[in-house]
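By the UniProt record's numbering, the letter at position 204 of the sequence shown is numbered 204, and the numbering carries on one by one without gaps.
Some hints could be false.
Claimed, not checked - 30 Å max Cα-Cα, derived BS3-like pairs, lysine-lysine:
#, residue 1, residue 2
1, 61, 167
2, 212, 391
3, 72, 167
4, 212, 110
5, 291, 119
6, 230, 120
7, 119, 66
8, 110, 120
9, 391, 119
10, 230, 110
11, 368, 339
12, 230, 204
13, 204, 167
14, 167, 212
15, 61, 119
16, 204, 66
17, 201, 120
18, 212, 201
19, 222, 291
20, 167, 230
21, 212, 222
22, 167, 339
23, 330, 167
24, 61, 110
25, 201, 167
Honestly, the hints are just simulated from the structure, not real lab data.
Since we're looking at a predicted model, the values are computed, not measured.
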Amino acid sequence: MESALDIRGNNKLSIAKETLETASKLIRRKIPRAGHLMTPRHLWIQSIPSKACDVVLTFTKTTDYKIIEWVKSQIVDDSNGLGLSVNVQYHSSTDSYCFYLTAPFYVLMKAAQDVYLPKKTINGGGLREFILSEMNTFEGIEESSNFFTMQERQMLILYVLNTRRVKSCDWLTELVESQPLITECIYNGIIEHLFPVHENKTIKWLRIIWVKSFFSFQPLDKVCDYFGVKIAMYFAWIGHYTNSLIYPAIAYSAFWFGFGRKLDQWTEGVWFVVLAFMNVIWLTVYLETWKRYCAELAYRWATLDQRHQFLLQPRLEFKGERRISPITGKPEVWYPNWKRRLFSYFVSAPIIGLCLVVVFALTIFQIKFQDWWDSYIEANEYPAYLCYIPKIMLAVIIAVLDDIYSIIAIWLNDCVSICQLVLVSLLYCFLFTRSGKTSNAIGRSSDNQTIDAQYQRVSTSILAGANPFRQD
């Protein structure tokens, strides 16, 4: 009799709990600003946001509280010494929950040792990989709040998040066990965004000394500290290349304004050959100076002695079989080379070859169509501006093919279990092939803006890959 009463009581409690959860969802949907009042007590938020926040993780609106709590327990788990600090916040404007993530100093030091983060030593000698057992030899270790820059803290927190793997859970069956936690949650619609937080004070300061300072040198060291080495190296190249363009600009301007159209055809041809030879000399000198400048920056930012990519942890999208490494004796994810070569020879190569054939066919078609269209316009005495119709069609085709090539390159990169260098190579392959077609067609009208736009688009795409929080 007592057992029957207990069963009835448990049923009533479960029914009441389901009713409250349903009512909470309805209230949050109808009245977003009051919905958080129906949330469980352990997820109540504070009106004042936490100041200690380096990375923000947001959930979708449909994510259940139980799942949010489970994800939080996985992130704060300190069993491997890499537990993060999580502050749960509710955003009434988006009707969703988010995690404000940061890490204790000892967790950051342990993660810095795992990723071989270079730091400055007390006795000079440049930068050296951080070692936890020798932490007293590094400069600024006494100030725990300033020892790591904000960019370094965010990178280390991302590394800790990437080490989290999905553990067995009976009621959460959509997540694959032993797979990366963040990637699986994003794929299954649990996590919506993961992004670093900007430091407004530093951003305003960089805007003053960098963006608005037209006649001063770039603060590359400050840019490197905030945005990272890749972004700083990119802007270093932009500045070096812009300064190097001054010399050919002066030479060509002097030739144009000094001689103009006063020379005959033979003399003008001779001068053009001289300018072309000067251009080759300038390009050779520029490449050598950039090589030296790049080596100087690499030494200053401690990237010359970085470990080889094959010695680092594989990326999150890497899929394979778990085994014990015959070299290190530690568990690793292994993917046989014959499978990778099989995919490259019978999938990647045919697809890339097909894309090149399409580009070649469109090149021939566009050239023939442009010649026929010009003769047709001239024969029927139509307005001359109609000659630009094939060029407009070419611009549309290039934009469409650019999106298609990017989708194909990303798909091929995700199918093979190797690093992001493949994606960059594929994009450059498609870029140069398409740019060759563009230069042949558009060069006839002396309009190179489309080519520059395509280079800028792919360069921006590749530069975006430097962002560690970007989710493709």
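Hints and how they fare:
1. 61 <-> 167: holds, 24 Å
2. 212 <-> 391: violated, 38 Å
3. 72 <-> 167: holds, 13 Å
4. 212 <-> 110: Roughly 39 Å between the alpha carbons, so the hint for residue 212 and residue 110 is violated.
5. 291 <-> 119: Holds. Residue 291 to residue 119 sits at ~24 Å (cutoff 30 Å).
6. 230 <-> 120: Answer holds: residue 230 to residue 120 is near 19 Å, not above 30 Å.
7. 119 <-> 66: violated, 41 Å
8. 110 <-> 120: holds, 17 Å
9. 391 <-> 119: Distance ~53 Å between residue 391 and residue 119 Cα, so the pair is violated.
10. 230 <-> 110: holds, 24 Å
11. 368 <-> 339: Violated. Residue 368 to residue 339 sits at ~43 Å, over the 30 Å cutoff.
12. 230 <-> 204: holds, 21 Å
13. 204 <-> 167: Not OK: residue 204 and residue 167 at ~42 Å, beyond 30 Å, violated.
14. 167 <-> 212: At roughly 50 Å apart (the allowed maximum being 30 Å), residue 212 and residue 167 break the hint.
15. 61 <-> 119: violated, 41 Å
16. 204 <-> 66: violated, 40 Å
17. 201 <-> 120: OK: residue 201 and residue 120 at ~24 Å, within 30 Å.
18. 212 <-> 201: holds, 16 Å
19. 222 <-> 291: Cα-Cα ~22 Å, so holds.
20. 167 <-> 230: violated, 34 Å
21. 212 <-> 222: holds, 15 Å
22. 167 <-> 339: Between residue 167 and residue 339 the Cα gap is close to 28 Å, so the pair holds against 30 Å.
23. 330 <-> 167: holds, 20 Å
24. 61 <-> 110: Measuring from Cα to Cα gives roughly 34 Å; hence the hint is violated.
25. 201 <-> 167: violated, 40 Å
This entry does not satisfy hints 2, 4, 7, 9, 11, 13, 14, 15, 16, 20, 24, 25, going by the numbered hints stated previously.
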